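Next come the chains, spelled out residue by residue.
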Amino acid sequence: SQQGEEDPQALSIQEGENATMNCSYKTSINNLQWYRQNSGRGLVHLILIRSNEREKHSGRLRVTLDTSKKSSSLLITASRAADTASYFCATPAGGSARQLTFGSGTQLTVLP
Amino acid sequence: KAGVTQTPRYLIKTRGQQVTLSCSPISGHRSVSWYQQTPGQGLQFLFEYFSETQRNKGNFPGRFSGRQFSNSRSEMNVSTLELGDSALYLCASSLDRGGSGNTIYFGEGSWLTVV
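Sequence lines, in order, name chains Y and A.
Once you know that position 89 of the first sequence is 1371 in my numbering, the rest is easy, because the numbers rise by one and skip nothing.
Once you know that position 85 of the second sequence is 278 in my numbering, the rest is easy, because the numbers rise by one and skip nothing.
Here chain A stands alone, though its shape is the one from the complex:
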């Protein structure tokens, strides 16, 4: 069973540009979430999608957005890139069965460098 797949793995963008990152969850998983990891702020939650609807959103500016498609694949977009957006962006998926917890699986991440 394939894990969470993220593309691209590495990319370099210029300030002011925009970027789109893609995530394919584990087959059968309908909940997809995104995290940003930086040396200074650590791992921070961006947003979570389920059945094409955003259910939770972290404390990030509106330049960060996402969406989920009917096949559960998700994309996140960052517009007007700033140097501080340089980070590892991690996608995660889970079955979301409810109850006392679902294992949340992460992908390898997309390394974004803004120059």
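Looking at chain Y on its own, in the form it has when it is part of the complex:
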């Protein structure tokens, strides 16, 4: 079963705009990871945020985590055409940090 669910399923924006994707999950977690997947390629790790962290930054990426609402968001600022990809959140399944469950992902399209 899927633990995380991303919202929206698809997002289309212009280059330079910000993109925000949300992820909700069902059970308590000790961390949450965000990944990017370009069409036909593998998953690229973006950020891991732990349950005792509320916000984390990496370059143009900002991730927030609200454990009380069981939700996380990924913000990409000043989007570029190269950011076009699917974005997934992943959470540990059944207490095992080594087994991830993924949502269905958000397909982001950045128009030049």
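Keep in mind the hints are simulated off the structure, nothing from the lab.
These numbers were taken from a predicted model, which means no experiment stands behind them.
Each residue gets a CB set at the ideal place from its N, CA and C atoms; glycine is no exception.
Computed footprint of chain Y on chain A; a stretch qualifies when at least three of its residues, placed anywhere within it, have a C-beta under 8 Å from a C-beta of chain Y:
(1) 222–236
(2) 242–252
(3) 278–289
(4) 294–308
Following the hints, put chain A in place on chain Y, whose structure we already have.
Then chain A, alone, in the frame of chain Y:
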């Protein structure tokens, strides 16, 4: 430092055949896991190995199996292939240090088409 390496990248098999996929984890990583990605089911966990032992297994039939070698390299095998096995198979590795989470890194995947 090399990333997670998977071979082959693409392959086509016929129904009823079997296939073996290979994965070399990031140097020093001892935990290796496998995932299947399909348009219909999304990303699903297959199994995870650590020090040559399977620690976790997903909800897949026994036709799906794997193993890990002493150098942490891993292989997965699918026997009696079915059309529905067509998917992107992703391998992932992590340090597995314990604590509140380890970054899990993925390879580029192996595209399997069953005809």
